[in-house]
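Student: The residues making up each chain are set out below.
Number of protein chains: 2
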Amino acid sequence: MLLSKTSEYGIRAMLHLAGIGGREYVSVKRISETLDISFHFLTKIFQQLARAGLISSYRGPNGGVRLEGDAKTITLRAVVIALDGPDLFTKCVLGLPGCTEDRPCPLHDHWATSRSEIENMLGEKSLDEVGQDLRSGGYRLKAGAEWTGS
Amino acid sequence: MLLSKTSEYGIRAMLHLAGIGGREYVSVKRISETLDISFHFLTKIFQQLARAGLISSYRGPNGGVRLEGDAKTITLRAVVIALDGPDLFTKCVLGLPGCTEDRPCPLHDHWATSRSEIENMLGEKSLDEVGQDLRSGGYRLKAGAEWTGS
DNA sequence: CAGTTTTAAGACAATTTTATCGGTTATGTT
DNA sequence: AACATAACCGATAAAATTGTCTTAAAACTG
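Chains as they are written, first to last, in the numbering used here: chain A, 1 to 150; chain B, 1 to 150.
If you're looking for bench data, these hints aren't it; they were derived computationally from the structure. No residue lacks a Cβ here, since even glycine has one placed at the ideal position from N, Cα and C. Honestly, I wouldn't trust all of these hints.
Every beta carbon over 10 Å from chain A, so not counted as near; a handful from chain B, in silico [as the list claims (entries may be wrong)]:
no. : residue
1   : Gly22
2   : Tyr25
3   : Lys29
4   : Ser57
5   : Tyr58
6   : Arg59
7   : Leu88
8   : Ser114
9   : Ser126
DSBU-like, lysine-lysine: derived pairs with alpha carbons at most 30 Å apart [stated by the list, open to error]:
no. : chain 1 : residue 1 : chain 2 : residue 2
10  : A       : Lys44     : B       : Lys5
11  : A       : Lys44     : B       : Lys91
12  : A       : Lys142    : B       : Lys125
13  : A       : Lys72     : A       : Lys29
The following label-pair restraints were derived from C-beta to C-beta distances [to be verified]:
no. : chain 1 : residue 1 : chain 2 : residue 2 : range
14  : A       : Thr100    : B       : Lys44     : 41 to 47 Å
15  : B       : Asn120    : A       : Thr100    : 19 to 25 Å
16  : A       : Asp109    : B       : Arg23     : 41 to 47 Å
When you get a sec, could you build the whole thing from the sequences and use the hints?
Tutor: Shown next as structure tokens:
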């Protein structure tokens, strides 16, 4: 599995926020119900994202979470790094410590290519852009739903 | 993490066998010591690979495991599928069931590209070819070793 | 101020993955 | 036949991941 459940949920939630657009706070409860994700688990995920500075949160009535700063500058790559850590983009595919150009594993170069392909996929598009895709319709963020942009 | 520990170990062990070349049986104990992998764990991995038909095994003195059939036809893709299952090559990157062209997640197309890149990396080269690379030197399969082809 | 809504945070439980251990069975050697 | 080697197999344990619950703390409402 490429991504942990934590990252899967986190990405879906962040894309959902991007799809909504706007700067209002959205309650985690609401998001968890819309996307069919465990509320308490999602809460923790947002706490991590808040510590990483990717969202801000607000307590009390009409509180919730929202994308922090400019959605144009947030990438999925940053979300994955905040939740799963940077291993996917840095570690040897065979788990060998100190796998470098000098002392490579047999897959070193090949994996470097695949990895940058993945890094591109997650890093080239901003959350804002994907949000626009979502609003244009035709995409979904949960099982069985046609669209979950809002 | 792209691959499970099981697959990481399995690939390293299979590449090791390919690097040795030849048709003799090599004991799992010996392999586990050479590659610094838990013996009992590696035993189980080879059992899975045997059930998948990628290796054959032989009990008793001078027994062990060896690549089954022609090393030219075995790919790392087959090893990963035997150990981790086909999910990496089939499932939605966000874990959404039924994510298809018709009803895609926002990453569907992008992931399809990255995925086939990975599938290529693991599927285009045979174990035999990587084995030759190993014998030519300069690669390693364990932490801290210069070369573990034999 | 009391009560409600909502995130924050930590403890706890379940599940999956990773790893270890011990005994059994097959095979070869003496 | 007795012994050594080595894969096979099931049970167990440790660790990481995933998920749940409970209590706090903050913010609003009346």
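Student: State for each hint whether it applies.
Tutor: Each hint tested on the structure:
1. Gly22: 18 Å, holds
2. Tyr25: Nearest chain A Cβ is 23 Å from Tyr25(B), so the label holds.
3. Lys29: 21 Å, holds
4. Ser57: At about 23 Å from chain A, Ser57(B) clears the 10 Å cut-off, so the statement holds.
5. Tyr58: 26 Å, holds
6. Arg59: 29 Å, holds
7. Leu88: 7 Å, violated
8. Ser114: Violated, since 5 Å does not exceed 10 Å.
9. Ser126: Non-interface label stands for Ser126(B): nearest chain A Cβ at 12 Å, farther than 10 Å.
10. Lys44(A) with Lys5(B): Answer holds: Lys44(A) to Lys5(B) is near 26 Å, not above 30 Å.
11. Lys44(A) with Lys91(B): Holds, because 25 Å separates the two Cα atoms, which is no more than 30 Å.
12. Lys142(A) with Lys125(B): Between Lys142(A) and Lys125(B) the Cα gap is close to 36 Å, so the pair fails against 30 Å, i.e. violated.
13. Lys72(A) with Lys29(A): Since the Cα atoms of Lys72(A) and Lys29(A) sit roughly 25 Å apart, the hinted pair holds (cutoff 30 Å).
14. Thr100(A) with Lys44(B): 41 to 47 Å: Between Thr100(A) and Lys44(B), where Cβ atoms are some 31 Å apart, the hint is violated.
15. Asn120(B) with Thr100(A): 19 to 25 Å: With Cβ atoms ~23 Å apart, the hint holds.
16. Asp109(A) with Arg23(B): 41 to 47 Å: 29 Å, violated
Checked against the numbered hints listed earlier, the structure breaks hints 7, 8, 12, 14 and 16; every other hint is satisfied.
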